[in-house]
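Listed below, chain by chain, are the residues.
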Amino acid sequence: MNEHSLNEKQIDDLPAARVETRSGMSIVWLIPLVALLVGAWLAYKTWSETGPIITISFKTAEGLEADKTKIKYKNVEIGKIRSIELSDDLSHVIVTAELVRDARHYLTESTRFWVVRARIAAGEVSGLSTLLSGAYIGIDPGKEGDDVRDFVGLEVPPALVDRAPGSHFFLRANNLNSLDVGSPVYYRMIKVGQVISYRFAQDGQSVEIDVFIYSPHDKQINSNTRFWNASGLEMSLDANGVHVSTESLVTVMMGGIAFDTPRKSNKAEEPVTKDHEFILFKDHQATLRESHTLKFEYVLHFSGSVRGLSLGAPVEFKGIPIGEVIDINMEFNAESNDIMIPVTIEVVPNSMIFKGVSNQMEFIRDNHKTVMNDLIKRGMRAQLKTGNYMTGQLFVDLDFIPDAPTASINWRETPPVFPTTPTPFEEISTTIASLVKKLKTLPLEKIGSQFQDSVITLTSTMQETERLVQTLNTSVTPAITATLDQTRKTLATVEQTIQSDSSTQRDLRDVFDELSKAARSIRIMTDYLERHPEALIHGKRENQ
Amino acid sequence: MNDQTNAWITAAAVGLINCHNCGLLHKVAQAHACCHRCGTPLHLRKPDSLSRTWAYLLAAYVLYIPANVLPIMVTTSLGSTQSDTILSGVSYLLVTGSWLVALVIFIASVFVPVLKLVILTYLVISVQMRSTWHPRERTRLYRLAEVMGRWSMVDIYVVTLMVALVKIQGLADIDAGSGAVAFGAVVVLTMLAAMSFDPRLIWDNAEKNHE
Numbered sequence: 000m001n002e003h004s005l006n007e008k009q010i011d012d013l014p015a016a017r018v019e020t021r022s023g024m025s026i027v028w029l030i031p032l033v034a035l036l037v038g039a040w041l042a043y044k045t046w047s048e049t050g051p052i053i054t055i056s057f058k059t060a061e062g063l064e065a066d067k068t069k070i071k072y073k074n075v076e077i078g079k080i081r082s083i084e085l086s087d088d089l090s091h092v093i094v095t096a097e098l099v100r101d102a103r104h105y106l107t108e109s110t111r112f113w114v115v116r117a118r119i120a121a122g123e124v125s126g127l128s129t130l131l132s133g134a135y136i137g138i139d140p141g142k143e144g145d146d147v148r149d150f151v152g153l154e155v156p157p158a159l160v161d162r163a164p165g166s167h168f169f170l171r172a173n174n175l176n177s178l179d180v181g182s183p184v185y186y187r188m189i190k191v192g193q194v195i196s197y198r199f200a201q202d203g204q205s206v207e208i209d210v211f212i213y214s215p216h217d218k219q220i221n222s223n224t225r226f227w228n229a230s231g232l233e234m235s236l237d238a239n240g241v242h243v244s245t246e247s248l249v250t251v252m253m254g255g256i257a258f259d260t261p262r263k264s265n266k267a268e269e270p271v272t273k274d275h276e277f278i279l280f281k282d283h284q285a286t287l288r289e290s291h292t293l294k295f296e297y298v299l300h301f302s303g304s305v306r307g308l309s310l311g312a313p314v315e316f317k318g319i320p321i322g323e324v325i326d327i328n329m330e331f332n333a334e335s336n337d338i339m340i341p342v343t344i345e346v347v348p349n350s351m352i353f354k355g356v357s358n359q360m361e362f363i364r365d366n367h368k369t370v371m372n373d374l375i376k377r378g379m380r381a382q383l384k385t386g387n388y389m390t391g392q393l394f395v396d397l398d399f400i401p402d403a404p405t406a407s408i409n410w411r412e413t414p415p416v417f418p419t420t421p422t423p424f425e426e427i428s429t430t431i432a433s434l435v436k437k438l439k440t441l442p443l444e445k446i447g448s449q450f451q452d453s454v455i456t457l458t459s460t461m462q463e464t465e466r467l468v469q470t471l472n473t474s475v476t477p478a479i480t481a482t483l484d485q486t487r488k489t490l491a492t493v494e495q496t497i498q499s500d501s502s503t504q505r506d507l508r509d510v511f512d513e514l515s516k517a518a519r520s521i522r523i524m525t526d527y528l529e530r531h532p533e534a535l536i537h538g539k540r541e542n543q
Numbered sequence: 000m001n002d003q004t005n006a007w008i009t010a011a012a013v014g015l016i017n018c019h020n021c022g023l024l025h026k027v028a029q030a031h032a033c034c035h036r037c038g039t040p041l042h043l044r045k046p047d048s049l050s051r052t053w054a055y056l057l058a059a060y061v062l063y064i065p066a067n068v069l070p071i072m073v074t075t076s077l078g079s080t081q082s083d084t085i086l087s088g089v090s091y092l093l094v095t096g097s098w099l100v101a102l103v104i105f106i107a108s109v110f111v112p113v114l115k116l117v118i119l120t121y122l123v124i125s126v127q128m129r130s131t132w133h134p135r136e137r138t139r140l141y142r143l144a145e146v147m148g149r150w151s152m153v154d155i156y157v158v159t160l161m162v163a164l165v166k167i168q169g170l171a172d173i174d175a176g177s178g179a180v181a182f183g184a185v186v187v188l189t190m191l192a193a194m195s196f197d198p199r200l201i202w203d204n205a206e207k208n209h210e
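Protein chains in written order, with numbering that gives the first Met the number 0: chain P, 0 to 543; chain G, 0 to 210.
These are computed hints drawn from the structure, not numbers from a lab. In this text, a Cβ means the ideal position worked out from N, Cα and C, and glycines have one as well.
The calculated DMTMM-like cross-link candidates involving lysine to aspartate or glutamate, where the alpha carbons are at most 20 Å apart (straight line), are:
hint : chain 1 : residue 1 : chain 2 : residue 2
1    : P       : K44       : G       : D83
2    : P       : K79       : G       : D83
3    : P       : K67       : G       : D174
4    : P       : K67       : G       : D172
5    : P       : K190      : P       : D209
6    : P       : K44       : G       : D174
7    : P       : K516      : P       : D506
Between beta-carbon pairs, the in silico distance windows are:
hint : chain 1 : residue 1 : chain 2 : residue 2 : range
8    : P       : S132      : G       : L99       : 34 to 40 Å
9    : G       : V113      : P       : S90       : 44 to 50 Å
10   : G       : R142      : P       : G62       : 56 to 62 Å
11   : P       : H91       : G       : I167      : 35 to 41 Å
12   : G       : I167      : P       : K218      : 53 to 59 Å
13   : G       : S97       : P       : N74       : 36 to 42 Å
Turn these sequences into a full structure, and let the hints guide you.
The structure is reproduced here in structure tokens:
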């Protein structure tokens, strides 16, 4: 009997298994539940981390790499480029990028994208860090506007990205000069803003410039504010000499805009809106001219040349500038067959102080004509004068000419014609011209030939004179020598004669002695006769 | 079918049950019996085999999606971060020319888990349908699934090694992504599913069918 072999009995003897009841749901079903939860959580996590997908189009993908190039705001990575593709017409590249989820609130129409590369422009070096890290895409998030997912990237970084407080202003200029995006705006030589953008006006006839002025300097700007171009070095040559002015060394290099608000302006200051259009003057001088409001225009007809008279040349009255030349023309008068040079000037009476007048502006407007007529009657004339002898620049001088021929303003013309008088220089030149003309009429050739004849005659005369002198030398000189000897002898004799111990001298002294004695006697006699006139009859008496 | 099958006697057929731990042979009693000697619960077949296998399989299916969608490896080198899923890694290897490595990774990480899931699902369904079709081949399939299942952990090993080795501060850094966790869970779950499946059930159906 094998112990290990089973038989029926042994099987029956096998112990019966104990029974323990167990019931309920199997715990194993927790596993798929947990898996589901984990899966759901992972899915949610992934979904919540997935940001919006956007496309940005650029002109070029230079420096951009799919899966590498990042999108950064304030140097914080907020996205990454997923792919770079060419547009259908091959004109630009389309960059698909994924941003972090939080960025979805900022993907609006006002959001801007641009590529940050190392660049040197507008007086500053930027993006140097991209030399090592590679280019990245910068974003200027904006909340205004509708949500969009397709953007057009900027080719140049915007000048303003940090949402600094301040105000935008709108300027219109004839041309851009050396301004650029990022060019500074100065107020009293302190940088207070910059150029944001520029573009052509709709008609292409002017340039529209947007500037941004940081707070609180934007409060300095009101309707009286004047903007001018402070670009580069401003050199002007006029009747006052040479002017060189510049705002700062930076503007010399890259241009800039300056502004000022004249405090003593006739116009009321009003706050401006964003749409207010400012004129960008070409220089500071231009803004000063513009601020005068009441102007009178006159036309001057000068007979002489106006060479040296430029537009903007000052009009002065007794040395004080009161206006400027605004136009110089040439006119042909078909009736009189004459060519005229009308010079239009602009006189600004505002620079004058009016005594005894309450409302200056009104007074000027009302009494302008009568006052001017009176001044003309008293001899006021316009004349050209040289302001600078170095440059030969002319200016228009209004002055009283004492004995001027009578004239009056022709008010019928528009603008009225102001009487002129020739320049002193003009008079001098006229005189010189007539002198020259007379000189020209002189028979210079004849005079020359006559002069030549005279010279010949003179030469022969001179020869004769020479001969004469020779004759004199040979014949006359010995005679003269003898005469001189004779004279010397005579003089010696005379000397002897008048010497003190000579007899002649002694005789003379005796004679004088005698004469003085005689004179004394006569005096005594006359004295005696005075006292005793009867002595003439009775003769001298003996002492009484 | 196979006539020999019926000729063989199984323990269950004669009403006997074996203790898994101490090997003591018992007579079959009611369900939920315990070993007379060591107290181990006695089961004629693996308890709740089908439902457990189903549970593990479902969990594996659920986690298989994030395992493939989420990155399993996040590589940071010189400031640029790159995250790879299993398939992107395979395609990267394929594109760069290492098609042999790509093939190995593909088989170990994509083909094997999928095959295993499919095989187990088929087996479970076929048992539930009381199919008697080719029990021997189906058993062979089960063995195959059990044997090759562990090899799909190759990917996880690679990621683990890389994460541990490549830690060059600032220059290069590799981190395991959440996909790796999901993938590891998928592999473990399929192994558990294979373990909880009782291949004897395949034969039980075959026997019953012949009775």
